[in-house]
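K.L.:
Sequence:
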Amino acid sequence: MTAALTVRTEDLSVRFAGVPALDRLDLRLAPGKIHGLLGRNGSGKSTLAATLAGFRRPDEGRVLIEGGDLGAAQEPYENAVVTSRVCLIRESGDRPDAVPVKHAVGLAAALRPYWDADLAGELLDRFEVPLNKKIQKLSRGKKSALGVVLGLASRAPLTIFDESYLGMDVPSRNLFYDMLLADYAEMPRTIVLSTHLVSEVSAMLEEVVILDQGRLVTQSPVDALRGRGASLVGPAATVDEFTASFTVLAEERLGGTKSTTVLGDLDPALLAQATAAGLEIGPVGLQDLFVHLTGVKS
22 MTAALTVRTE DLSVRFAGVP ALDRLDLRLA PGKIHGLLGR NGSGKSTLAA
72 TLAGFRRPDE GRVLIEGGDL GAAQEPYENA VVTSRVCLIR ESGDRPDAVP
122 VKHAVGLAAA LRPYWDADLA GELLDRFEVP LNKKIQKLSR GKKSALGVVL
172 GLASRAPLTI FDESYLGMDV PSRNLFYDML LADYAEMPRT IVLSTHLVSE
222 VSAMLEEVVI LDQGRLVTQS PVDALRGRGA SLVGPAATVD EFTASFTVLA
272 EERLGGTKST TVLGDLDPAL LAQATAAGLE IGPVGLQDLF VHLTGVKS
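Using my numbering, the letters of the sequence shown correspond one by one to residues 22 to 319.
Hints listed in this document are in silico derivations from the structure and should not be mistaken for laboratory results. One or more of the hints may lead you astray.
Per label pair, the in silico range of CB-to-CB distance [as the list claims (entries may be wrong)]:
{"#": "1", "residue 1": "G316", "residue 2": "A258", "range": "43 to 49 Å"}
{"#": "2", "residue 1": "H124", "residue 2": "R83", "range": "32 to 38 Å"}
{"#": "3", "residue 1": "A258", "residue 2": "Y98", "range": "55 to 61 Å"}
{"#": "4", "residue 1": "R78", "residue 2": "T296", "range": "25 to 31 Å"}
{"#": "5", "residue 1": "T268", "residue 2": "Q157", "range": "45 to 51 Å"}
{"#": "6", "residue 1": "A138", "residue 2": "L275", "range": "21 to 27 Å"}
{"#": "7", "residue 1": "S266", "residue 2": "E143", "range": "52 to 58 Å"}
{"#": "8", "residue 1": "R236", "residue 2": "A24", "range": "50 to 56 Å"}
{"#": "9", "residue 1": "M208", "residue 2": "T268", "range": "40 to 46 Å"}
{"#": "10", "residue 1": "D139", "residue 2": "M225", "range": "20 to 26 Å"}
{"#": "11", "residue 1": "N62", "residue 2": "T268", "range": "21 to 27 Å"}
From the three backbone atoms N, C-alpha and C, an ideal C-beta is built for every residue, glycine too.
Kindly produce the complete structure, drawing on both the sequences and the hints.
P.N.:
Have a look at this one:
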């Protein structure tokens, strides 16, 4: 079976023309989980994905990958043993466009020690990607589907999808999510999904890493992060009383009824008091928390 890998970054910095894309980043990705890598445009998600995969050398600090048949921690840059076990699929491609699909599949099979040919064939059929057609002749959606096939069938102990499915329509993305979960259940490994489509993938994620301007905003299990927010609905005066000490994310009012969404450490005793006072308590979606934590104005 594929052995999941642990990923650590220590004081990781990457700069472009002196401008930091990643700024002294310290994080740890636990093995055998699906991690969400979230952030606004320019937050450093793609740079982090490329650096984890050994595509880019850090300017400062380091990336360490360990576990499975790698054993002790190793850096991925210019390390063929590590990079053969790390698969990065980017929306931009990284595939030779002038060759047929079957050549790209054959190359992946030759380079990936955990390659599953049967799974690749099944996925190519499910996504209706023609083997004999040149990649440059594929639609954007089919190119994205090919990337997804190569990523899943690699069964790499560390598999990273960097916005690789953006060209796919909604039914195709849903098929990708279903196939990813099914294959992950059969062959657990460390998976990173870098995405803007937070609401679509939130149910799949076990942990999230949120970046902003190259810095770590938060890293947290999804359930713990969701626990930092709540919506309270009821009489306006009562809602105001119970939300006065929290950061307000949003509020709506209809007559004497008010709905307020807050962020903060929600003490169970306080929530019990709010319920006893007649307020309805509800959860806050991951996307709403992401919007607030990264300062996006809706």
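K.L.:
Each of the hints needs a verdict: does it hold here or not?
P.N.:
Here is how each hint holds up against the structure:
1. G316 / A258: 43 to 49 Å: The hint (43 to 49 Å, Cβ to Cβ) is violated, given that G316 and A258 are roughly 30 Å apart.
2. H124 / R83: 32 to 38 Å: holds (35 Å)
3. A258 / Y98: 55 to 61 Å: holds (59 Å)
4. R78 / T296: 25 to 31 Å: violated (54 Å)
5. T268 / Q157: 45 to 51 Å: At 50 Å between Cβs, range holds.
6. A138 / L275: 21 to 27 Å: violated (58 Å)
7. S266 / E143: 52 to 58 Å: Given a distance of about 54 Å, which is inside 52 to 58 Å, the answer is holds.
8. R236 / A24: 50 to 56 Å: violated (31 Å)
9. M208 / T268: 40 to 46 Å: holds (41 Å)
10. D139 / M225: 20 to 26 Å: The hinted range 20 to 26 Å holds for D139 and M225, with Cβ atoms some 24 Å apart.
11. N62 / T268: 21 to 27 Å: holds (24 Å)
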